[in-house]
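**Student:** From first to last, the protein sequence lines stand for chains E and C.
With UniProt numbering applied, the first sequence corresponds to residues 1 to 327, in that order.
With UniProt numbering applied, the second sequence corresponds to residues 1 to 357, in that order.
Bear in mind the hints are in silico, worked out from the structure with no lab data behind them.
Just so you know, not all the hints are guaranteed correct.
Said to hold, decoys possible - As a list, the in silico DSSO-like pairs of lysine-lysine whose alpha-carbon atoms are at most 27 angstroms apart: (1) C:149 with E:51; (2) E:317 with E:293; (3) E:317 with E:256; (4) E:201 with E:180; (5) C:309 with C:43; (6) C:24 with C:309; (7) E:293 with E:197; (8) C:243 with E:51; (9) E:47 with C:149; (10) E:201 with E:256; (11) E:317 with E:180; (12) E:51 with C:24.
Predicted, not measured: the structure shown is a model, and the values here were computed from it.
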Amino acid sequence: MRELLYRHAIREALDEELARDENVVVMGEEVAEYNGAYKVTEGLWDKWGDKRIVDTPISEAGFIGMGIGASMLGVRPVMELMFWSFHSVAFDQLVNNAANVRYMSGGLCHCPIVMRGPANGGTAVGATHSHCPEGLFAAFPGLKVCSPATPADVKGLMKTAIRDNDPVYVMENTLLYGTKGPVPDPEDGDHLVPLGKADIKREGSDISLIAHGRSVLRALEAAETLQSEHGINAEVLDLRSIRPLDQQAIIDTVMKTNRVVLVDESKPFCGVSAQITTLIQEHAFDHLDAPVKRVCALDAPAIYSPHIEDEQLPNPKRIIEKVLTLA
Amino acid sequence: MPPTPALKDYAQADVNRSLTPEDKIHFFREMARIRRFEQTALKHYNGGKMGGFLHLYIGQESVAVGTVSLCGEHDHVITAYRCHGHALAVGMEMNPCMAELFGKATGASKGKGGSMHLFDPENNFWGGHGIVGGQTPLGLGLAYGVKYKNQEGCCLCYLGDGAVNQGAFHESLNIAALFELPVVYVIENNGYSMGTSQTRSSAYKHCLAQRAEAYDMEWDVVNGEDLYEVRAKTQIAMERAKKESKPTVLEIDTYRYYGHSVADANAKKYRTPEEINQYRAHHDPLRLWRRRLVEEGVLTEEQADAIDKEAKQEANASATFAIESPAPEVAEIFDDVYWETDNNTEAANTGRHFFND
Numbered sequence: 001m002r003e004l005l006y007r008h009a010i011r012e013a014l015d016e017e018l019a020r021d022e023n024v025v026v027m028g029e030e031v032a033e034y035n036g037a038y039k040v041t042e043g044l045w046d047k048w049g050d051k052r053i054v055d056t057p058i059s060e061a062g063f064i065g066m067g068i069g070a071s072m073l074g075v076r077p078v079m080e081l082m083f084w085s086f087h088s089v090a091f092d093q094l095v096n097n098a099a100n101v102r103y104m105s106g107g108l109c110h111c112p113i114v115m116r117g118p119a120n121g122g123t124a125v126g127a128t129h130s131h132c133p134e135g136l137f138a139a140f141p142g143l144k145v146c147s148p149a150t151p152a153d154v155k156g157l158m159k160t161a162i163r164d165n166d167p168v169y170v171m172e173n174t175l176l177y178g179t180k181g182p183v184p185d186p187e188d189g190d191h192l193v194p195l196g197k198a199d200i201k202r203e204g205s206d207i208s209l210i211a212h213g214r215s216v217l218r219a220l221e222a223a224e225t226l227q228s229e230h231g232i233n234a235e236v237l238d239l240r241s242i243r244p245l246d247q248q249a250i251i252d253t254v255m256k257t258n259r260v261v262l263v264d265e266s267k268p269f270c271g272v273s274a275q276i277t278t279l280i281q282e283h284a285f286d287h288l289d290a291p292v293k294r295v296c297a298l299d300a301p302a303i304y305s306p307h308i309e310d311e312q313l314p315n316p317k318r319i320i321e322k323v324l325t326l327a
Numbered sequence: 001m002p003p004t005p006a007l008k009d010y011a012q013a014d015v016n017r018s019l020t021p022e023d024k025i026h027f028f029r030e031m032a033r034i035r036r037f038e039q040t041a042l043k044h045y046n047g048g049k050m051g052g053f054l055h056l057y058i059g060q061e062s063v064a065v066g067t068v069s070l071c072g073e074h075d076h077v078i079t080a081y082r083c084h085g086h087a088l089a090v091g092m093e094m095n096p097c098m099a100e101l102f103g104k105a106t107g108a109s110k111g112k113g114g115s116m117h118l119f120d121p122e123n124n125f126w127g128g129h130g131i132v133g134g135q136t137p138l139g140l141g142l143a144y145g146v147k148y149k150n151q152e153g154c155c156l157c158y159l160g161d162g163a164v165n166q167g168a169f170h171e172s173l174n175i176a177a178l179f180e181l182p183v184v185y186v187i188e189n190n191g192y193s194m195g196t197s198q199t200r201s202s203a204y205k206h207c208l209a210q211r212a213e214a215y216d217m218e219w220d221v222v223n224g225e226d227l228y229e230v231r232a233k234t235q236i237a238m239e240r241a242k243k244e245s246k247p248t249v250l251e252i253d254t255y256r257y258y259g260h261s262v263a264d265a266n267a268k269k270y271r272t273p274e275e276i277n278q279y280r281a282h283h284d285p286l287r288l289w290r291r292r293l294v295e296e297g298v299l300t301e302e303q304a305d306a307i308d309k310e311a312k313q314e315a316n317a318s319a320t321f322a323i324e325s326p327a328p329e330v331a332e333i334f335d336d337v338y339w340e341t342d343n344n345t346e347a348a349n350t351g352r353h354f355f356n357d
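Between the sequences and the hints, there should be enough to build the whole structure, so can you do that?
**Tutor:** Structural data, given as structure tokens:
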């Protein structure tokens, strides 16, 4: 199978969906003439022109609200947020309008919109540019949230998100854009990954590492070391989407290994990992041989210092240490 | 100064000269229906039959009826939480509107939206929205959609005078002008941003619409008590949107007799009884239109009374309908959250959307 960069996998998804459905438009800051702040949309403006690829002002409440309004009329906008951290500027549009319009109208209105862009830190961009809002948005019924870790998953989930009739928020990661991985060839058929379906990225029998987004890669690194240095065979479950959440896959892996460490780049308090801990407690408590443990971002605003930023994030060293406490 | 040269009598504007007597009577009937609907709603709200807020439109009827009367097939309407007048003006029936206020399953939004969230996409009405100014970017999106689909149409996006100070509104004006979108922002200036008068909430010299100049956008000020003027000036703005794809800000001066919502029933805290009585006595759009039609010989007092009586009966009947309607079932709380769940698609069976098991 050919290999693609994560950013190119997203671009291929956008390109294919632009070709498939003339209602799809790509909008955001610097997505067109500038070719994308992260080069995700590179070349799309040249190919599709002003009507389909739209540069917006730095005006999140304005252009995201505009996308939501247009989606009510049947346009299917894919909105790039240069950083998911900028969600706060458009929070009203994201949670009051996109999430609620279907419900408040008793099902008369739909909002088929995709919001995408990088979440999380890891590149020393400091506290205002490192937010990790998967759990925040997953807390609003009406929204769907996914966080793909690999090029194949981000392509397949992006295409599914664009075709979905509800608002889907895709959380990418700056550090994933340059990662490479196998992606099915378009000639072999439409590559779609369903929302709400987790994926076992590494089979294992001794402990389950449950993660999403870039944390999946950190968990995989840790699993290799655990195997080679400690003889611990860890399973890595990639959630891929946070809402809908593949609850069955979580319960299944717990029943298989009886030990869990959750790896979550967001903060521990009211985060995704807190939700999953509750889920396991409610549905798989009897299968646990040890308490559920978590490796999250350390509970402070994101530090700038590039010398220690990685220590704040769930890195392989911290994951291994946590696993060893359960051994 | 506003760009539209003032006519002495807006009845002579082309858009009004072409009106038939039936059209004019229709406008009276629509205004009367809105007023009677609201009075009936107020009565039952005070009787403890409704939840939440009730933002009454009484006193502003000429704005919704006058502007919406110009809408064609590809024109869209979106507004804020004071939405009953617009909903009825676009053609929603009283029954689903009233039932929605009562929170009944027969309501326009099945009891899920309430007073602030009436929707009717079939009539191009994209809702009442609850956050001050939050609907202004959505109106932009509707205009974007019209343009994207190469339709000749525009969006009328209503907001109150309080919303002009929201960032979302300013962002919307910038994008509307920059992208040349066919949107008409209609500021219904009733003088009060909730309980704070405009002079205490808005930095301005002459009017609010003039802010459009900062975005190189056309604007105008309209006397809302004159339905002819509302139509004449709105028509110019809508033509600009449709023919030139250019946005406009219209500020329509109007007045609300009741509080911001029924929750601040004591509107006298921030305005005098004399002020309210002055508007009721001399500036009431419904009475002024009625007098105008009688003077024109289009309507007799008896006919006007009969129309008003019908409106009252219709409103009362809608309240009876609402009272007799069932409440939604508890299980319906989970409907209308996700499209695919309601439509039982394969995707809906993958993973879980709800977490309350």
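**Student:** Between residue 317 of chain E and residue 180 of chain E, does the CA-CA distance stay at or below 27 angstroms?
**Tutor:** 23 angstroms, holds
**Student:** Below or equal to 27 angstroms on CA atoms is what counts here, so check residue 243 of chain C against residue 51 of chain E.
**Tutor:** With Cα atoms ~19 angstroms apart, residue 243 of chain C and residue 51 of chain E stay inside 27 angstroms; holds.
**Student:** Run the distance test for residue 201 of chain E versus residue 180 of chain E: straight-line Cα separation, threshold 27 angstroms.
**Tutor:** 15 angstroms, holds
**Student:** Mind checking the alpha carbons of residue 51 of chain E and residue 24 of chain C for me, to see if they're no more than 27 angstroms apart?
**Tutor:** 42 angstroms, violated
**Student:** Between residue 309 of chain C and residue 43 of chain C, does the CA-CA distance stay at or below 27 angstroms?
**Tutor:** 17 angstroms, holds
**Student:** Regarding the pair residue 201 of chain E and residue 256 of chain E, is the alpha-carbon distance no greater than 27 angstroms?
**Tutor:** Holds: residue 201 of chain E and residue 256 of chain E sit about 15 angstroms apart, inside 27 angstroms.
**Student:** Hey, residue 317 of chain E versus residue 293 of chain E, does the alpha-carbon distance stay inside 27 angstroms?
**Tutor:** 15 angstroms, holds
**Student:** So if I understand the rule, the pair passes when the alpha-carbon distance is 27 angstroms or less; does residue 317 of chain E with residue 256 of chain E pass?
**Tutor:** 24 angstroms, holds
**Student:** Given the hinted pair residue 293 of chain E and residue 197 of chain E, is their Cα-Cα distance within 27 angstroms?
**Tutor:** With a Cα-Cα distance of about 23 angstroms, the restraint between residue 293 of chain E and residue 197 of chain E holds, given a limit of 27 angstroms.
**Student:** Just to be careful, I want the Cα atoms of residue 47 of chain E and residue 149 of chain C compared with a cutoff of 27 angstroms; is the pair within it?
**Tutor:** 20 angstroms, holds
**Student:** Between the alpha carbons of residue 24 of chain C and residue 309 of chain C, is the straight-line distance 27 angstroms or under?
**Tutor:** 18 angstroms, holds
**Student:** Is the Cα-Cα distance between residue 149 of chain C and residue 51 of chain E 27 angstroms or less?
**Tutor:** 11 angstroms, holds
Of the numbered hints given earlier, the model fails hint 12 alone.
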